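Respectively, the protein sequence lines represent chains A and B. Sequential numbering from 0 applies to the first sequence in numbering that gives the first Met the number 0. Sequential numbering from 0 applies to the second sequence in numbering that gives the first Met the number 0.
In case anyone wonders, no lab produced these hints; they're calculated from the structure. Computed from a predicted model, the values in this text were never measured in an experiment. Fair warning: there could be bad hints in the mix.
[Unchecked claim] Straight-line alpha carbon distances no greater than 20 angstroms define the calculated EDC-like cross-link-like pairs of lysine to aspartate or glutamate that follow:
(1) Lys85(B) with Glu118(B)
(2) Lys267(A) with Asp528(A)
(3) Lys2(B) with Asp528(A)
(4) Lys605(A) with Glu118(B)
(5) Lys565(A) with Asp528(A)
(6) Lys54(B) with Glu42(B)
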Amino acid sequence: MLAELGNFSLVMALVTAVLLSIYPMWGAYKNHPQMMAMAKPLAIGMFLFTGFSYFCLTYAFVHDDFSLAYVANTSSASLPIQYKYTGVWGGHEGSFLLWVMIFSTWTVAVALFSKAIPVKMVARVLAILGAIGIGFYLFMLLTSNPFDRLLPFYPIDGKDLNPLLQDFGMIIHPPMLYMGYVGFSVAFSFAIAALISGQLDSTWARWSRPWTIAAWSFLTLGLALGSWWAYYELGWGGWWFWDPSENAAFMPWLAGTALMHSLAVTEKRKVFKSWTVFLAISAFSLSLLGTFLIRSGVLVSVHAFASDPSRGLFILGLLAVIIGGSLFLYALRASQVKSNGQYTLVSREVLLMGNNVFLTAATLVVLLGTLFPLVHKELGMGSISIGAPFFNQMFTYLIVPFVLFMGIGPLSRWKNQSPQALYKQLTIAFGLSLSAAVLINLSYDQVSYMAVLGLVMSFWIMVTTIMEIQQRIRSQDNNQSANFSELKKLTRSHWGMVLGHLGFAVALIGMALVSAYSDERNVRMAPGDKIVVQGYEFEFKGVTAHQGPNYTADLANVDVFQGNDKIASLVAEKRFYPIQRNVMTEAGIDSGFTRDLFVALGEQLKNGDWSIRIYVKPFITWIWGGAFIMALGGVLSISDRRYRMARLAKNNKANKTANSSTAQPLSEQVS
Amino acid sequence: MNKTAFYLIPLFIFIGLLTFLYQGLFSNPREHESTLLEHSVPEFVLPDLMDTQKKHTQDVFIGKITLLNVWGVWCTTCAIELPYLKQLQQEGKHIVGLYYDQDIDPDFGIKTVQRVQQEVNQTYSQLGNPYAFNIFDVKRNLSLDLGVTGAPETYLIDKQGKIRLHHIGDLNPRVWANKFAAIYAQLEAE
């Protein structure tokens, strides 16, 4: 019964989405305040209906309602309770419900937290979100309804959740990722609303900045969690595989990073306006493209959902309408935009443009690398595969100039920067980072040039970031002594940038060192055997059997010694899930600040020995730590007083201008 | 107007992309076409499975239409396929095996060649031997060069030693009728 209510509620959400897409838009066009005022209650309605629908599906999971086809396919009676809650997004239909749930949450957030923005703009933005919503709700109801019944013949027990997803990382990875993906729909809607209204000035950039940063922070966390999950759950010990599904999430992140920076330039300097709009359209379009690639089964990947051409066709239709429509609108309107800022060849504008160029190039590399095999095959030239070596090589080329710009950009001035003034600082920064990188690498037996390069880049970012803080404090007070209390005067959004850049440097250290100095051994061991890897002695104690709630497992016990001290006792598992007939590895990992010790259990060999993988991974946790710092920077940026104060200050002003058709761009506040 | 045309570029690129995505929907991503189609079999010198002193090279394919079948005793689908291959052989087809063994591994290797031969003979006694001879791809180099993705796979090679067809998965009467029969007849006529 509750499932039918859930289904009905989903239909109601579709109806509110339809209304939301019509009334406020019509109201904005006709200048009709009541119609525009409909936007907020409709957005809330859409959120509540979706939320109730989501609740109903969760209820069905928790109460083992196997008469629902989706529950029967993704859950089982013996599934541990926490996975019944998270199993809701363990398959195609449910994860799409989570997707629309998050989508309606963003929509309602825009409706509630946009008091500072003119009513007309909010009405348009919400109407566009509603229009996007129509597509997604229709998709759910027509091709992937999680409430479909298996009556009258339903199974006694379900087919169980895919064991890969029965894991903590999987509990939080998809919601974070979707928050990011879907969050770009807000920046997209702001851009489209600006295009429709023809007011492509810098105000829309100001309004969509916090939303973009929020979405970007979630996406950063989502990507890091996914990478972390792949590391410990897939048992390969790698942290990035250039799998199509990873690429699908990475492209919006790259475009989103570019957008975040470009929005800053557009807001502060009123230049690159049409480029910024294009990036806003691209970031969300790439999210949609990623959804299509993963859910249509066009590409082979670990993630691929059961492929059904009708679903793929529907999403493709959505892509054609949403992306095609917005690019068409873009072509009509962007050509009339004039960027009127002035700047010279060496200036922060140009350096940020450089950053954008490299991020865009990186996005294109991933896009081409992901789609080229498909295009190649459809052109009848046979099948090829593009793997990690291609991406790694391209990214090594791209990251060097990118990082160079990343160091110089924050140090330089808007409009015009004399190169001579920077010369001294940059020489010092380069000297410092080069010597630090070389010194650290000398502590390894075999120095890797790539690791030196990676560390030079990390230190370069760190040193220039610190220099920038110094410079900022000096310019604020015109005094030469930079003492600690001065640091407090920097705005939170400034600290956001600092953390974002430092986080990137931290992640880069992890990537460089783990790529160059990992030690990976696949060995055969009998109980009692020992092996020394990078000074750590691994002793294999043997394998014991274990019975879990919905699986059986072999547990391999491995003790690790350094010198005579026992530093870790690792347990690597090999689980067998009988319902899905799946074998899973759970690696035994000892995480440390400077290294991870990683043990995974392989097959039992014929004479009773076991094959065991033993990895020593230096600094690998820094990769995810760095991503976390970056996301934290995003959070700091959003919480900046500027956005809160501006809201209060503008409230009055916005109310006054709401009814006039020419809402003036609000005064620029350059921090 | 020129300016609008410039801003229309992304839209056109996107439309181009859409057509490929549309086509992609209706083709199977797991289906691979060998990159070597219409090319000669790559050069190799490999031992015969049953007599490792005897060496085969790419020239063994010259002069006869050959079905090169990639298999191993460890592969269950291959075992299902063997009786049908036997039937093909009785119809007069020339079938050569490309044998590779998963357990002969530099790190974990515990199998001897004698052991492999014994296992193969055992399989023959149960299911029949369709092969004229078997090329033993010890290090799997030839399989890699051929673009083998797994077993079983079958290559149709013409009298000049050129690969004309690559089939992934087992060979059965249906696959033969749909995919092989026409090309085989054409090759016989050449």
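Structure-based check of each hint:
A hinted pair counts as satisfied when its Cα atoms are at most 20 angstroms apart, and Lys85(B) with Glu118(B) qualifies at roughly 18 angstroms. Distance hint between Lys267(A) and Asp528(A) is unfulfilled; the C-alpha atoms sit about 64 angstroms from each other, more than 20 angstroms. Distance check on the hinted pair: Lys2(B) and Asp528(A) sit about 72 angstroms apart at the alpha-carbon level, beyond 20 angstroms; violated. Annotation: proposed proximity of Lys605(A) to Glu118(B) holds, straight-line Cα distance about 16 angstroms (limit 20 angstroms).
For the hint linking Lys565(A) to Asp528(A), the alpha-carbon distance of about 16 angstroms falls within 20 angstroms, and the restraint holds. Taking the CA atoms of Lys54(B) and Glu42(B), the gap is near 13 angstroms; set against the 20 angstroms cutoff, the hint holds.
Violated hints, in rising order: 2 and 3; the structure is consistent with all others.
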